[in-house]
Amino acid sequence: MTSQPILLVEDNPDDEALTLRAFEKSNISNEVIVARDGAEALAYLFPADGDGNGVPRPALILLDLNLPKVGGLEVLRKMQADARTRVIPVVVLTSSKQEEDILDSYRSGANAYVRKPVKFSDFADAVRALGVFWLLLNEPAPSRGPESD
Amino acid sequence: LTPLANGTLAALLEAAPDAMVCIAADGRLVLVNAQAEQLFGYERAELIGQPVEILVPDAARAVHPGHRAGYVADPRHRPMGAGLSLAGRRRDASTFAADVSLSAIDTDEGILVAAAIRDVTAQRRIKDLERSNRDLESFIYTVSHDLRAPLRALSGYSELLLEEYGGVLGEEGRGYAERIVAVSEHMGELIDYLLQLSRVSRAELHLQSVDLGGEAAQIAKEIQRREPLRHVCFTIQRQVQALADRRLIVTVLQNLLDNAWKFTSGRDDASIEFGTAPSGDGAVCCYVRDNGAGFDPAYAGKLFQPFQRLHAARDFPGAGTGLASVRQIVQRHGGQVWAEGAVGGGATFYFTLDGKESA
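So the protein sequences, as listed, match chains A and B.
For the first sequence, our numbering gives the first residue as 1, with consecutive numbering after it.
For the second sequence, our numbering gives the first residue as 1001, with consecutive numbering after it.
Keep in mind the hints are simulated off the structure, nothing from the lab.
Glycine included, C-beta positions come from ideal geometry on N, C-alpha and C.
Be a bit skeptical, because a hint or two may be false.
[Said to hold, decoys possible] Calculated lysine-lysine pairs in the DSS-like style (CA-CA distance at most 30 Å, straight line):
no.	chain 1	residue 1	chain 2	residue 2
1	A	K97	B	K1221
2	B	K1302	B	K1262
3	A	K69	A	K119
4	A	K119	A	K25
5	A	K97	B	K1262
6	B	K1262	A	K119
7	A	K97	A	K69
8	A	K78	A	K97
9	A	K78	B	K1302
10	A	K97	A	K25
11	A	K119	A	K97
12	B	K1221	B	K1262
[To be verified] Here are some chain B residues the structure puts well away from chain A; computed CB gaps all over 10 Å:
no.	residue
13	D1058
14	A1059
15	A1060
16	G1066
17	R1068
18	D1074
19	A1104
20	E1109
21	S1132
22	P1150
23	A1153
24	R1179
25	Q1239
26	R1247
27	G1345
Start from the sequences and build out the full structure, keeping to the hints where you can.
This is the structure:
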């Protein structure tokens, strides 16, 4: 089994550095690819040239909501609309705990919603728990190529 | 339509609830009612025969005759200046926000245009307030989220400093870094409180009959379970029915009982009481009383202000937001809150709510 990358969609450089550090601390060895706005994330998920077979599907996407250019919810909706990306687990990782944001995320196809704690050790614990669940415990959708729906 | 006699029209205008004026095709005032005299501050005789622009604010005077001609060309009954903030001009040149609706009336002296004018200063002020409230809420929302990001960085890098460079920092340096972590967390709580405030002010109230005594007993049991070693005597009056939003009023009771619990922590004979006091006009007046640290009555007014604390943080921890929430929620219900107390003499917090009429 090849190790699939984690796609971190995060525009704040400090949050990016701390999340990467938290992954290191939790011994998660998957490569982490960083997209700094929604447009970069979509460009990675839907490469313009060819069918994107050369790009490994992420095992997990950590998605901020408040992003420049294309927001997190829009990224979710675009992913839902395509059979290839619909099955990738997406965890919304954000500052907000507004009911609207949580509801909108689930309605747009998020698999989980985690509010970033202020305290770094709590945040590192959360990242570790997410990694253990989504990369080890959870059984991902089998890759059989594009579905025909 | 049968043309109206002018006398009949004048009598009709007098009976109208709104200020009304009629103008002829040349834009001169033909009829005004008493309400119009009062609204604009003119005597009737001063208005009749004058161009209607005398009632239009200076800024709009130049364009008004053009609009007037446009209406005469297509005289349907309609509000004037749809989507615009209209205003009227009084005799003393002051202006007021106005809604104007127009209609054409066929009289024995030809077509007249009738305008009903309503002073909507109050309504427009409410609309402005509602808008600025919404702006404020979205501002609070944005700012709270933008403030949390740098906090995470402050706290995160400080923790990394401690973990990876703790040896280099020395004991004092580690202490400083630990304080950065602690205050970041505290500021996170303050920001959460701001968010909560804006949520409560926006939330729709779902009023129902709530047994406050039952809720208080539930909360007391929960608090006791958190610290089973403390002995506190709870006295809770049961069957206290009030009309309230259950989720919000439970927050009120929770905050008041948590406070009572916290401020009696120094006493071996701590007692906390929930009950009702006599009150007038169908309201329910509830209180939460404790025999704890109390407060200086001179500062009673500050108790309910956000981020105000009357005790040192090391004695009684807290962000100073609990009572501010209590006040906000009770006021949202149309009730009042106040407190009585003395240093070392315990505290009593009162709040009023609409009672539930017994069937």
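Consistency of the no-contact label for G1345/B, given chain A and a CB cut of 10 Å:
holds (38 Å)
For the pair supplied as a hint, K97/A and K1262/B, confirm whether the alpha-carbon distance does not exceed 30 Å.
holds (28 Å)
Mind verifying the non-interface call on A1059/B? Its CB should be farther than 10 Å from each CB in chain A.
holds (41 Å)
Just checking, S1132/B versus chain A, shortest CB gap more than 10 Å?
holds (21 Å)
Would the non-interface assignment of E1109/B survive a Cβ cutoff of 10 Å against chain A?
Answer for E1109/B: holds, closest chain A Cβ roughly 60 Å.
Given the hinted pair K1302/B and K1262/B, is their Cα-Cα distance within 30 Å?
holds (19 Å)
Would you assess whether A1153/B, listed as outside the interface, keeps its beta-carbon beyond 10 Å of every beta-carbon in chain A?
Violated, because the least Cβ-Cβ distance between A1153/B and chain A comes to about 4 Å, which does not exceed 10 Å.
Do the alpha carbons of K119/A and K25/A lie within 30 Å of each other, as the hint requires?
holds (15 Å)
Are all beta-carbon distances from P1150/B to chain A longer than 10 Å?
violated (7 Å)
For a C-alpha distance cap of 30 Å, please report whether K1262/B and K119/A respect it.
holds (25 Å)
Take the C-alpha atoms of K69/A and K119/A, compute the straight-line distance between them, and say whether it is at most 30 Å.
holds (28 Å)
Holds or violated: K1221/B with K1262/B, Cα cutoff 30 Å?
Roughly 15 Å between the alpha carbons, so the hint for K1221/B and K1262/B holds.
Going down the numbered hints, you'll see the structure goes against 9, 22 and 23, while the others check out.
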